[in-house]
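Those protein sequence lines, which keep their order, are chains L and A.
Just so it is clear: in the first sequence, position 144 is 144 by the numbering used here, and no numbers are missing.
Quick note: to get the numbering used here, add 1000 to the position in the second sequence (first position is 1).
These are computed hints drawn from the structure, not numbers from a lab.
Where a beta carbon is used, it is the ideal one built from N, C-alpha and C, also for glycine.
Some clues are possibly wrong.
Label-pair restraints from in silico Cβ distances [claimed, not checked]:
#1 A:Arg1026 / L:Arg43: 41 to 49 Å
#2 L:Gly253 / A:Pro1069: 35 to 43 Å
#3 L:Arg351 / A:Glu1174: 37 to 45 Å
#4 A:Arg1075 / L:Pro357: 41 to 49 Å
#5 A:Pro1306 / L:Thr377: 20 to 28 Å
Covered by chain A, according to a simulated footprint, are these stretches of chain L (three or more residues, beta-carbon under 8 Å) [said to hold, decoys possible]:
#6 98-112
#7 301-308
#8 422-433
Dumping the calculated DSS-like pairs for lysine-lysine here, alpha-carbon to alpha-carbon at most 30 Å [what the hints assert, rightly or not]:
#9 A:Lys1282 / L:Lys386
#10 A:Lys1282 / A:Lys1366
#11 A:Lys1153 / A:Lys1282
#12 L:Lys386 / A:Lys1366
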Amino acid sequence: MATAPRLRVDRSAPPPPGEIRPFRFPPVLRARLASGLTVIAARLPGLPLVSIEMVAPAGGQFDPEGQEGIAGLTAAVLDEGTSRRSSMEIAAFAERLGGYFTTGADWDVGFLATGQLSHHRAAGLELMAEVVAAPTFPTAEIERLRRQRLAEILRRGHDPSSLADDRFHREVYRGTAYAHPLIGEQESISRLDRESMVAFYRRHYPLAGSALIAVGDFDEEALLREAESAFAAVSTSTAPPAPPSIRPASLAGISVHVVDRPGAAQTELRLGHPGISRTDPDYIPLAVLNTLLGGNFTSRINMNLRERHAYTYGASSRFTPRMGPGPFVVSTAVATASTGDAAREVLHELRRVREAPVEPAELDETRTYMVGVFPYTLQTIGDVAKRLETLTVFGLPDDYYDRYLERIASVSREEILEVARRHIDPEHIAVVAVGPAETLEPQLAGLGPVTVWSPQSEDPAAALSPA
Amino acid sequence: MSSPATPDLGFERHTLDNGLRVVLHRNASLPLVTANLWYHVGSKNERPGRTGFAHLFEHMLFQGSEHVPTHEHFRLIQQVGGVANGSTWYDRTNYYETVPAHQLDLALWLESDRMGFFLPALTQENLDTQRDVVMNERRQRIENQPYGLAGEKLHELLYPAGHPYHWPVIGYMEDIAAATLDEVRTFFRTYYTPNNSVLTLAGDFESEAALERVESWFGEIPPGPPLPAVVATLHPLGGERRMVLPDDVRLPRVYIGFRAPAYGQRMWYAADMLAAVLAGGKSSPLYRELVYERQIAQDVGASVGPYESAATFMLVATARPGVAIETVEEALLGAVARAAASLPDPAELARARNRMLTDAYSSLQKLDSLADLFSQFTTYFDDPAGVAAEAGRYLEITPQELVDYAAGWCAETERAVVSVVPRQAN
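Chain A with its partners taken away, still in its complex shape (with noise of 0.2 Å):
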């Protein structure tokens, strides 16, 4: 008996009069709906001087609108029974409400008052709140977070002043700070248009009769411009850029980045199976080398985010106490340059393709990250088909494109490296 590669999800797409695309997923498993809506902006979208804007916006558009007063969003949906939250990141901002499947219009009631009627409610009062809010959220996953600071250094060395990965999500503290009320309008005006968004519905309903609500509730709210694709040159990093970073902590920790192609490349997909190869696991050579065999280190990992741009693949390995940094980092860099030069073992390949396909069906389990792959897959490339398609794509990626991967991407000239080291010696 055999599992088949690619899941079968169907779904239907329109596109309303004023550019809203939907999709639509039905899954009548449990009588819940998930509505997740995707606004094709993120930070890549901000200037430096004013980083971290899109996220604080994010907060504000919990702050009400014009029919649902501060606070009320929230407490709106729990009341039902309902979860709702939303996110940010360099490429996109999302928005989602799972609610009991008969309660489908107050999400579709809350979602569109805030897409068509959002700025008669904005206050100087909310946004104060939210910048405070928004510098401690900062100092809670950041600056008081051992290692906290790491993946945002390492971004600035792998991505030149200028590019919009340079800077991270959460924005510079000084940034935040100096928001304004005009800002927080003028980014509505031109990215939270419905012509600049994905509405994903997935859950129990009938298909016919949501399409209906839909338009009815989203169907009156005007398009904006269009808008001009964020250009985002990058040229080789041509030659290693390091940092050591120190910080309270006791175990030195290494951070190693190479540049990866772009989300939905053929190469990126060849990227995140070399990570699924490397680190993927107790039996990964990356695992049993520094951890198991040598324990010259705490723990391995290595990844590659889905990112519109370009991506960044990262590999992290903790010193063991007494273990100089620069062991680890060698081990790590080891395994590139044997990636790089010879095929991966058959039996290594086999075990990541494997767990691809596990974590592919392991992702479709819960309804809102199913309605986010959905609005992912439609924003980024117009293809919600691609959701179920996804886990073939890896499985289609040949020993070789790995070493194309590491030979093509990972010289030494082209990494950045962060190390973080005890502040005082302890």
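This is chain L alone, in the form it adopts within the complex (with noise of 0.2 Å):
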């Protein structure tokens, strides 16, 4: 290119920022089918693209004692036969537009989720439309699934962070519908029979209390005739069912719970305790907390685990609310000598959040942070969908995420520290160890008592008091 005579930059400081952009978040369509069905939509212009949902109650907090995993394996089920389509027919008719279907449960919403090129979203809402409304529950189906998920559980038990997750929910919900795996027992799945299944999908999956959740490239308009046409032969059933209510008991003092992975290359970590529902007026507050505590790479807990001391590769916190009080857990992988410091380390950041307000330096760039960021957090259609979702399972207005913005802007120090004080509590904590026992028991002893598991039992390979 051609060589003007330069001026030298100046690279002493950071350059100062141009001129800021605006952004808001894209406008948010809402109507109701005659079905009864809420349909909540955004169009994303730019690619060819598009992302349906449907969101049902039936997600996991609705298993019932006993029947551990039968919001999971209901959904899974609802794709493998409709009155018209074979498990094959469903998967190959959306596949060969290039496109997906699928089903599942989280906590909260049972689902069912297309995606393919806009052009062929008629169909792929019609295939939603007929599985939601007439699956078959095949036997030979639930037979094959139940044996898949029998090896899933089977494969968890040997995998250290899925075995350090199981355990912290274990401890920290015990009691509750969110004490178990998401995925079930192996007891449950075994048992779970065909008739409880279609019973769970009569209740569960009500058009009048569901929604349709579409992002993409389309005109509003035709979505929603397209929408209208797709779903006009599904009958309107019964009310939806109320979420039951989770109320964990409060953790008696500070427990620890090593599983015994002899000979372990490395020591997964977890900490925490139950946390809040999406619902709580504390949400964004703690938000901002969250995100200096151990929210992203710059945050305290991983500051000082990674960066400070090298005991990992990196740490994290996160608060993850659900309809109840979804968990509060610090997730780190340390090496395993360093297993007891770690622990004592997260301890520490814990107290210390507590103990005094934050620097407000760190608070300003935390907010402007989050504002900052929001953009980059919604460049795909399955972003914005996700957003949406969360509008609509949790009950928030339309103007939820611009009024977001200004809220985080307005947090402050002592409403900080105050939240934490509510929600974070190092003195009554679970803390999660999964490694060789015998070098991870003496390192973790001083913090409570310790119980020491066996990976695939229920029962303690031994009680151990606390040195």
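Build the complex: two chains, separate frames, hints provided.
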């Protein structure tokens, strides 16, 4: 290129920003179909893609005792056969268009999801309506999925990260629906029968309590017409079930749970306790607090454990709010010899954030991060669909995301201290470590009573008193 | 109504006097901009005994430069609402920042400071910390992961000692521990030069102003010596290579690898299409046979990596409880043998083609991955237009070419097999 004599740039300090460019969340369209199904949509032009999802009040929180995993298995069987198509025909129908069709459940909802090039979307909608309206629950497919899930449960019993998560939830949510793995237990999955799944489906997939979320490159009016036509024949059924009340008991002090994996190369470590519901009024200040505590690379916990002490490749903390009080957990994988020190540093950070207000600069940087990064989290149709799902599942207003940014900017140091004291409690916490018990136990014994677990058993390998 | 087979992706391309290649792609749908810098150096530039060095070096490049204190890189990017990271692969190392559009200068300042002024900030203390962090990364990703060593072992079998794809990108533990400060300096001077890199900007900016800023920040960095291409000769394997790898797992899993031509060649696209035909989706023949009908496998997958010197076509399947891993392996090899003997079902090929098209569009949604594609095509082929053209290259592949790949490259004597089995009977 042409080389004009140039001025040397000043490298001594970060360059000043240019002029800020505005951002607004895409307009949200809401409608209700004749069948009672709510539609919530956003147009995202640019690429010829569409993402369509239906969410129903059918999440794992509804799993009855003894039927752990029924929400997940029922959702998985939905697309295994309808009155018109077999399991393979359903899969082939979506895949031959270059798209996907999938069903599943998380803790809050059951879902059916499809995505494809946008000119194929009417076919996707029709398939979705057919699957939700007329699933046949074929016995052979149930048996196949049951065996697949039982094998998956076996696999989790040898995966250090799953072992840590599962043990953590069992201890923190003992006696509630959040205690079991979402996939279910070996005993419950072995026992679930077709009849109970059909009953679960009838109760938990009413159109009137469900929502259709569509994001992508489409004309909104055309999309509504297509949805109306696809769901016209689906009968409106029962009223939606009310979500169960999940109230975990408070933890008795600090307890340590070691899952014994002799010879493990590293230790998977979790520390935490029950957190908040997504509709808790403290959600936004708590999100700001968590971001600076352990939510991103420069957060206190990661800088301490990774950059200061080199115990780990990474450490993070997270609130995962659900309809009920989802977990607050600090997660990391550390060198085995550093496990005790790493756990103490995490507890130190949790105590510190309750003791003194955060630094003004730290709060400023965190707020500007969260506001600035928001458009980055909305680049794909899947990103935007996830936000619309949050609006509809938790009953938030359509202007929520505009107000969300304003609210973040207003969070104060005093508020952070207040929510830290209210929602983070390092004196009532479960510590889970998956690794060689022989090495871990002496390192962790000073924190609280230690129980050693065998990876594949619900009976403690040994119950030991603290030293 | 139909969609075009190739997306419409405009770009400008420039080369600075010092050899830095610059690609500009404007996309103002969000007020964001991403700066994506590829250095044409990866683990293939290492030598045995010092494996993992390119990746460790990537960690060091986040430890500050002359005008950027240790730990400040991430902090400066995050406090304006940006996201930064880097990654290392066999053939290249990339670094990227996505920031609000009005912070483009910040990203350029940070990237140009570490390209031009890295060495003054280098300390033994930072190297010691990052060696420990990387050893923990290896434990987390490989050694403490069920099946974690299998990919590494497959590559050791498929590529002979001395070939640069023989060793893993993250390196061996003892090699990571052995890295010295002097080696960091030499590596930087050799490979981290403007003439060995490509900078892509994608997002909301004015091209002329952005180019002027790039020239200001990067123009004064002197070029380095030209680099000889890495010689990576491959002779046929000439005999199957096998390994049984005991691990702390309950379900056995088999990994089967064949070589494929280098990324970018027409036959590479045939291999990738074959992977999509065989195992792309629930209605694909391998899923249908192994997971759905015979129920001998828990899962099955096929993939081909975009590597510059040669590629690996890999089939992976996990056995159901009580099923011998040999039964699963036989079924996978049977599918490969059929692919070598007869043309694919037209419906299967149509499914794979449509999937490639949807995937091509999906991969353009995020600015960071889009910019990464521009840097990739410019680094490997000097051809940023290749990003938009790639979907079309898949669609050109004929059914016969799938047969040609399977018949020509997937012979019994040209495969490596790693079976991961439970360490103790339980």
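Hints breached by this structure:
Hint check: 1, 4 and 8 fail, others pass.
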